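Peer 1: This is what each chain is made of:
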Amino acid sequence: MKTPDPKEIDETKVSDSEIDSSDLLKELDKIAHHFGNDTSLEIHEQEAPQEQIKLHFEETEKSEYSLDEIKHDHLKFHLTGHSEHTPDANVKDLRPALSAPFTNFEYIRHDFPLLIKTSSDNCIEPLKDYLDNLVEQSGLNTDEQRNLKLLLLKLELILKKESANHSALVFKQAWDLAVKNFWQSSNSHKQKTDSLKTLISGFSDQINDHSELISYSKGAELTLFKAARLKQWQKKMAPFFGELEDLVEHLKNILKVSKKTSGESYTPDALQNTMGQPGSDELDFNSFSEIVTQSFAKESLPANRIERIKSVITILNRWFKIISSMEQSEKFLDRLVADSTTKALKIYKSQKEDLIEFFKAIRIAKLEIEHRYEEEKHDPFFEDFSSLYLSEEDWSHFPPIILYFKAREIKSADKADLIDVLASKMPIKVLVTVDDLYNASTFFDESFYSPGWSAVLGKMALSINTTFVLQFPLSHMINVLSEIEQGLQSDRAALFCVFDGFDQEQEMVAPFVRSAAASESRAFPLFYYNPNQGNSWAAHFSIAKSSQHKSDWPQGEIEILEGDSVKTEKLDFSLGDFLTGLERYKEHFLPIERSEWHGDLIPLTEYIHSDFENINKSIPYILMANDEGAMQKVIVTKTMCRLCVDAQIRWNRIQELSGINNSHVIEQVEKEREKMTKEMQEKLVQAEAKHKAEMEQSVEGLTNEIISNIAAGLLSDEMISIGSGTGISAPQATIPKAAPKQEAIQDEVKEKPEALEAATEEEEDLSFNDPYIDTPLCTSCNDCCNLNDQMFAYDENKQAYIKDAKAGTFKDLVTAAEKCPVKIIHPGKPLNPDEPGLDELIKEAEKYN
Amino acid sequence: MFGVSINNIIDIDQKNYSMEDYQGDTPRWCPGCGDNGILTAAQRICREEQLPPEKTVFVSGIGCSSRFPHYMNTYGFHGLHGRALPIAEGIKIRRPDLHVFVNMGDGDCTSIGTAHWIHAIRYNFNMTVMLHDNGIYGLTKKQASPTSPLGTKSNTTPKGSFLNPLNPTVTTLGVENVSFVAQAVEWIPELLYDIIRQAYHHKGFAFIRIMQRCPHYTPAMFDPLMSTPENLMLLTHKDGMQISDPLKKVYKNIVEHDPSEKLKANYYAEMTDKMPIGILYKNENIPTYDGLRAPERTVTPQMKEEALNQEFDKFGINPRD
Numbered sequence: 001m002k003t004p005d006p007k008e009i010d011e012t013k014v015s016d017s018e019i020d021s022s023d024l025l026k027e028l029d030k031i032a033h034h035f036g037n038d039t040s041l042e043i044h045e046q047e048a049p050q051e052q053i054k055l056h057f058e059e060t061e062k063s064e065y066s067l068d069e070i071k072h073d074h075l076k077f078h079l080t081g082h083s084e085h086t087p088d089a090n091v092k093d094l095r096p097a098l099s100a101p102f103t104n105f106e107y108i109r110h111d112f113p114l115l116i117k118t119s120s121d122n123c124i125e126p127l128k129d130y131l132d133n134l135v136e137q138s139g140l141n142t143d144e145q146r147n148l149k150l151l152l153l154k155l156e157l158i159l160k161k162e163s164a165n166h167s168a169l170v171f172k173q174a175w176d177l178a179v180k181n182f183w184q185s186s187n188s189h190k191q192k193t194d195s196l197k198t199l200i201s202g203f204s205d206q207i208n209d210h211s212e213l214i215s216y217s218k219g220a221e222l223t224l225f226k227a228a229r230l231k232q233w234q235k236k237m238a239p240f241f242g243e244l245e246d247l248v249e250h251l252k253n254i255l256k257v258s259k260k261t262s263g264e265s266y267t268p269d270a271l272q273n274t275m276g277q278p279g280s281d282e283l284d285f286n287s288f289s290e291i292v293t294q295s296f297a298k299e300s301l302p303a304n305r306i307e308r309i310k311s312v313i314t315i316l317n318r319w320f321k322i323i324s325s326m327e328q329s330e331k332f333l334d335r336l337v338a339d340s341t342t343k344a345l346k347i348y349k350s351q352k353e354d355l356i357e358f359f360k361a362i363r364i365a366k367l368e369i370e371h372r373y374e375e376e377k378h379d380p381f382f383e384d385f386s387s388l389y390l391s392e393e394d395w396s397h398f399p400p401i402i403l404y405f406k407a408r409e410i411k412s413a414d415k416a417d418l419i420d421v422l423a424s425k426m427p428i429k430v431l432v433t434v435d436d437l438y439n440a441s442t443f444f445d446e447s448f449y450s451p452g453w454s455a456v457l458g459k460m461a462l463s464i465n466t467t468f469v470l471q472f473p474l475s476h477m478i479n480v481l482s483e484i485e486q487g488l489q490s491d492r493a494a495l496f497c498v499f500d501g502f503d504q505e506q507e508m509v510a511p512f513v514r515s516a517a518a519s520e521s522r523a524f525p526l527f528y529y530n531p532n533q534g535n536s537w538a539a540h541f542s543i544a545k546s547s548q549h550k551s552d553w554p555q556g557e558i559e560i561l562e563g564d565s566v567k568t569e570k571l572d573f574s575l576g577d578f579l580t581g582l583e584r585y586k587e588h589f590l591p592i593e594r595s596e597w598h599g600d601l602i603p604l605t606e607y608i609h610s611d612f613e614n615i616n617k618s619i620p621y622i623l624m625a626n627d628e629g630a631m632q633k634v635i636v637t638k639t640m641c642r643l644c645v646d647a648q649i650r651w652n653r654i655q656e657l658s659g660i661n662n663s664h665v666i667e668q669v670e671k672e673r674e675k676m677t678k679e680m681q682e683k684l685v686q687a688e689a690k691h692k693a694e695m696e697q698s699v700e701g702l703t704n705e706i707i708s709n710i711a712a713g714l715l716s717d718e719m720i721s722i723g724s725g726t727g728i729s730a731p732q733a734t735i736p737k738a739a740p741k742q743e744a745i746q747d748e749v750k751e752k753p754e755a756l757e758a759a760t761e762e763e764e765d766l767s768f769n770d771p772y773i774d775t776p777l778c779t780s781c782n783d784c785c786n787l788n789d790q791m792f793a794y795d796e797n798k799q800a801y802i803k804d805a806k807a808g809t810f811k812d813l814v815t816a817a818e819k820c821p822v823k824i825i826h827p828g829k830p831l832n833p834d835e836p837g838l839d840e841l842i843k844e845a846e847k848y849n
Numbered sequence: 001m002f003g004v005s006i007n008n009i010i011d012i013d014q015k016n017y018s019m020e021d022y023q024g025d026t027p028r029w030c031p032g033c034g035d036n037g038i039l040t041a042a043q044r045i046c047r048e049e050q051l052p053p054e055k056t057v058f059v060s061g062i063g064c065s066s067r068f069p070h071y072m073n074t075y076g077f078h079g080l081h082g083r084a085l086p087i088a089e090g091i092k093i094r095r096p097d098l099h100v101f102v103n104m105g106d107g108d109c110t111s112i113g114t115a116h117w118i119h120a121i122r123y124n125f126n127m128t129v130m131l132h133d134n135g136i137y138g139l140t141k142k143q144a145s146p147t148s149p150l151g152t153k154s155n156t157t158p159k160g161s162f163l164n165p166l167n168p169t170v171t172t173l174g175v176e177n178v179s180f181v182a183q184a185v186e187w188i189p190e191l192l193y194d195i196i197r198q199a200y201h202h203k204g205f206a207f208i209r210i211m212q213r214c215p216h217y218t219p220a221m222f223d224p225l226m227s228t229p230e231n232l233m234l235l236t237h238k239d240g241m242q243i244s245d246p247l248k249k250v251y252k253n254i255v256e257h258d259p260s261e262k263l264k265a266n267y268y269a270e271m272t273d274k275m276p277i278g279i280l281y282k283n284e285n286i287p288t289y290d291g292l293r294a295p296e297r298t299v300t301p302q303m304k305e306e307a308l309n310q311e312f313d314k315f316g317i318n319p320r321d
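Sequences listed follow chains A and B, in order. The opening residue of the first sequence carries number 1 in this note's numbering; numbering runs sequentially from there. The opening residue of the second sequence carries number 1 in this note's numbering; numbering runs sequentially from there.
Do not take every clue at face value.
What the hints assert, rightly or not - Computed cross-link-like contacts, BS3-like style, restricted to lysine-lysine with a CA-CA straight-line distance of at most 25 Å: (1) B:Lys55 with A:Lys377; (2) A:Lys331 with A:Lys321; (3) B:Lys252 with A:Lys847; (4) A:Lys161 with A:Lys180.
Unchecked claim - Not close to chain B: a few residues of chain A, all C-beta gaps over 12 Å, as computed: (5) Asn141; (6) Leu155; (7) Ala303; (8) Asp334; (9) Ile543; (10) Ala687; (11) Glu835.
Bear in mind the hints are in silico, worked out from the structure with no lab data behind them. It should be emphasised that the depicted structure is a prediction, and the values quoted were computed from it without experimental measurement. Cβ atoms here follow ideal geometry from the backbone N, Cα and C, with glycine treated the same way.
Input sequences plus hints: build the corresponding full structure.
Peer 2: Here it is as C-alpha cells:
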C-alpha cells in the first residue's frame, strides 16, 4: 500500500516515486482552472475522472442490544471468531482506511506503466517521469508549458488505459495511436493547438522503435529483469565490440596476404579479376599467369595455421554478431531463462563451454596477430585450456542466467535444489514471484496460519552469507533498480523475491497497492544483502529503503470529514490491515456499526503491544472504509493478533540485523551504564568519606589553633605581667604541622641517548693508489671507451667502470680523466714504475685523484 | 596458503629485454656530448619498463639531438625541422597503443617549432617530450638560439646576443591544459632517469627541459652549475623527484615542492639565481586528446580500401556504359 501522507513520503525518501501525492485529478483541475472559460483544451466530459472519496463517520440507528450484550458479543468474536449479533457481517466491501484514497487508482500517477528504453542509459523509467521531462525540456514559456502538460496528462491517461489491457506495448505505436485518438476526439482544433501538434509529432519522432510500455501486470517483473540484464550485459560487452572487429579484421588480413602470396592469385582468372572488365580482352591472361608464376616465389602459410585462424574467425564472428546489435543480444539472452533448476544448470554448463571457447579464441587471435603463436609451445596450452585459465575479469562477462519461478508453482525438488544453486558461484539469478503470501498454508491444517515458505525464503537465503539477496514489492521496482543492477552484476548466484500483489483477484484494492501494502505491513519487508559491498554485516545489509524502517509499523495520515471541517488522524498500518484483503482471513474480521462502538475498543497495534495474552479486557480494532468513504471499526480475532505479533517479531529481528534496536548493543549499553553508575556511586561514597575525614581534621586543627592562640594570648608578656609572680611557665603553643603536600609525581622521562651513529663514515677501504670511476655519475659519453675499450667498459646501465687497469698505460688513464666531461675518472698511482714521462703524468693525475 | 598465490601466474609469453635490445647505431655525437647521457637514460627507461621495441617510437626534428632515433633500436621518425610534435601526434592518434617519445633541440622546439609546441601542450597527447637544451645551434656550427644566455657570442651574434633568453618551462606552464613540466640536467644521470621515468608514467603531455652541455660550442655555459652544486636547487616530494642519500651529500640545496601546486611551480620556473631541478608541475586530471578523440571502431587497411573504392566508384566512368 501507499501511505498517502506527503510528509511521510518525504521523510522516508522511499515512496516519492510510487504515487504522486498530487494525483492526476488535482493536476487536471488546477490546469483547467487556470484556463478558465477561455480554455481551448477542456477536459472531455467522458474523460473527467471520478471524484476521490472523502472519509467520514456515518451515524447509524441505535442498536437493539444493551452495552453489556454488545461488549460480550465483541469479546466472543475476538476470542472465537463467532458473533451472535451479526453472524454474516464481513469485510468484503471494505478496505483499510489508509488505502481508501486510492480507490480510483487508474487516475493516480505512479511508477507504472514503465518505459523500457533500450537505447538510453536510463533504461527503465516511469512513463510519468518521461512525460514530465518532455515538458521540462520543451523550452516553452510558462503558458505553453501548461498547455503541453495538460495535453500530455491526457495522453498519459489514454496510454495508461491502453496499457492496462496489455502486459507490454510497443511504445511508438501506442503513442501514435493515442495521439491520433486524442486529436480525433478532441474538439479543440484551434490555432492555439497547432504549435502543440507540431511539438507532439516531434516527440513521436524521438521515440525509439524498440521502446516498450510495461503495465503493472503479472510477469512484468520478468520483462523488466530481462531488460535490465540486456542493458547491463551489453554495457559490459561493449568494450569487446571494437576489439573483436579489430581482431577479426587483422586475422582476415593475415589470410588475405597469405592468399596473395600463395600462387592462388596468379591463376589466369584471378589475374583477369584484378584487371576488371575494361581492357580484359586485350591481354592473354594464360601467358600472363605463366610469366608471373615463374617470376614470383610462392609462399603460403602452413595449412594448420590457416585452419586455426579460420576457426578463430568463426568463433569471434559469432560473438561479434551477438553483441553487435540489440536484437541479437536480446535473442541470445532470451535463451538464458529457465523455469527449473535442472534447466538452469544445463544452460549454465553450455554457456560455460561457450565462454571458455570465446576467451580461448581471443587469446589465440592475439598471439596470431602478433605472429607469436608457436605450435610446440601453445598447442598443448590451448588443448588444456579450461575454466581454470579464465580470470575473474573474464568470468564477469558470463551472461546472467535468469531462473524464474512463481512461488505457488514451485516443485518440492526445486525447493531443495534452490539452496544449492544459491550457494554456488554460478551466475544464476533466481527470480521468485511470490503470490501465495499468507495464503497457501493449508498444507498442514486449515487452522494453521503462517506467512508461507516464499515469505521467508529471502531471509533464509541470508544465512548463506555469500549470496546477493533482494526482497521487494513489485510496486517499488523503480526504487530498487540500482540494487537489482548490483545483483545482476554480482558474479555469483543471486536471489530476488518479488511480491506482485496478484495473489487474489480482489477488486477492492489494486494489485499495485496490495503489493506495496505487503511491504509496509511488514508481511513482506523490503531488504537487500549485497556480499560484494564492504566486508561487514553493516555494509552488506540494509532496510533503509523500507518504509519508516525505524518503527515497528509505518504510520499514515487520513483526512476525516466531520460536517464541514476536515480532521486529520494518524493511523498505524499493520499486518492486520493487510490480511483483511485475503479471502482466507475474512472470517477473522467483524465490522461494527458506529452505534455499537464503546470504550473497550482499542487500535490493533496498541493492543498487540500490551500484555494481551494475560490481561484480556480490551478488544482490538482496525479502521476500514467502504466505497463511499464511510468508516467502520473492524474487530480482529485473537488468532490474527498472534499473527501480527509474529510478523512484528520477524520484522524486529530484521531491524536488528540492520543495526536498529540491536539487542546486543542495548544489552552492552545497559551493562556499561550499570557499571558506570556503580563506579560513580563508589566514587561518591569515597569522596564523601574523604570529605568527612578532611572536615574532621580541619575541625580538630582549627580547635587546636584556637586553643593555642588563646593560650599564647594568655601567656603573653602583658598577661604575665598581669599575673606576675605566679611562676607559671608558659607551655609552648603547638601549632599543627600542615600535612605535607603531596608532590605530583613527575614522570621521569629520561630520553635514552640514542646511539648516535658514527658521524664519520667508515672510509672505504680503498687505496688511492688504485684508479676508479664514480660510475653512477657517468653520462655515457664514450670518450674513455673510445680511448681504450679494454681498460674502460660499460656496466649494465651503460655507465663506465675500469674493467682492467692493467690493460693500458697510466697515460691512458690520465688522458681519459682529462677528457671526461664530468670529471669522474680518478687515475690513482701508476702501476708500472717504468712507464716513460711518469713525473709529469703523476703531477697531472693529482688534479683528478 | 602453502606459500603460493594464485595471482602468481606464469606468463608463457614473457620476454626480457636488455639495454642492448634498445641500442641502435653507434652515436656520432661529438666527444663528451651531453646527448649521450640522455640516450642512456632513455634506453634505461625502455629496459626498466620492458617496452617492446616494436611498440615504441622515438620522434625527432632536426638538429644534433634529433639524431636520437637513429641510436635507438625501436621505431623512429627523424622528421623535419620543428615538426617533431605534429608527427608524434599523428602517430599517437592513429596508434594509441604505442609508447611515443619526442626528442627536440632548443632551436627545433622553441624557435621554428614554437607553434606546434604551444598547441601540443594544449592538446595534451599522452607522450614523453624531451627538450635537449644546449642553448646553441650546434649542427649548423654555432648560431644563437632562443635559449642562448644574454651575451652569447655566436656566428649570428658576433657582439653577443642582446635578448634575454626564452625560458621553456615558464612558457610551457603558461599554456592551457599543461599537465607535466620538469627540468633536469644530463650530468646527474640518477635524477635524469627518475624524471624521465615519471614523465613516462604521466598520462598526458610530459615536457622535460634537459640542460645539455655542448662541449664544442658552449663548453663553459653550465660551468657555474657544475662546479658549484649549491647552484642547483633540487625539488623533491613524495609525488615528485626522488633523491638518493649519496646524492644528498653532494647536492645539499634540496627543497620540498608539491608538484600539484601550480603557483609555486611558476615561482620556481621563473627563478634566475638558482636552477631548479625536478618535477615542477604535475596534474593527472587534464584529459588527453588521444583519450577524448579515441576512435570508436577499428579501421583496417582493407576497410579503408573499400571505402575509397566506393568513393571512386561515384566518379568512375566505365567506357562500356
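Peer 1: Among all the numbered hints in the text so far, which are the ones the structure does not match?
Peer 2: none
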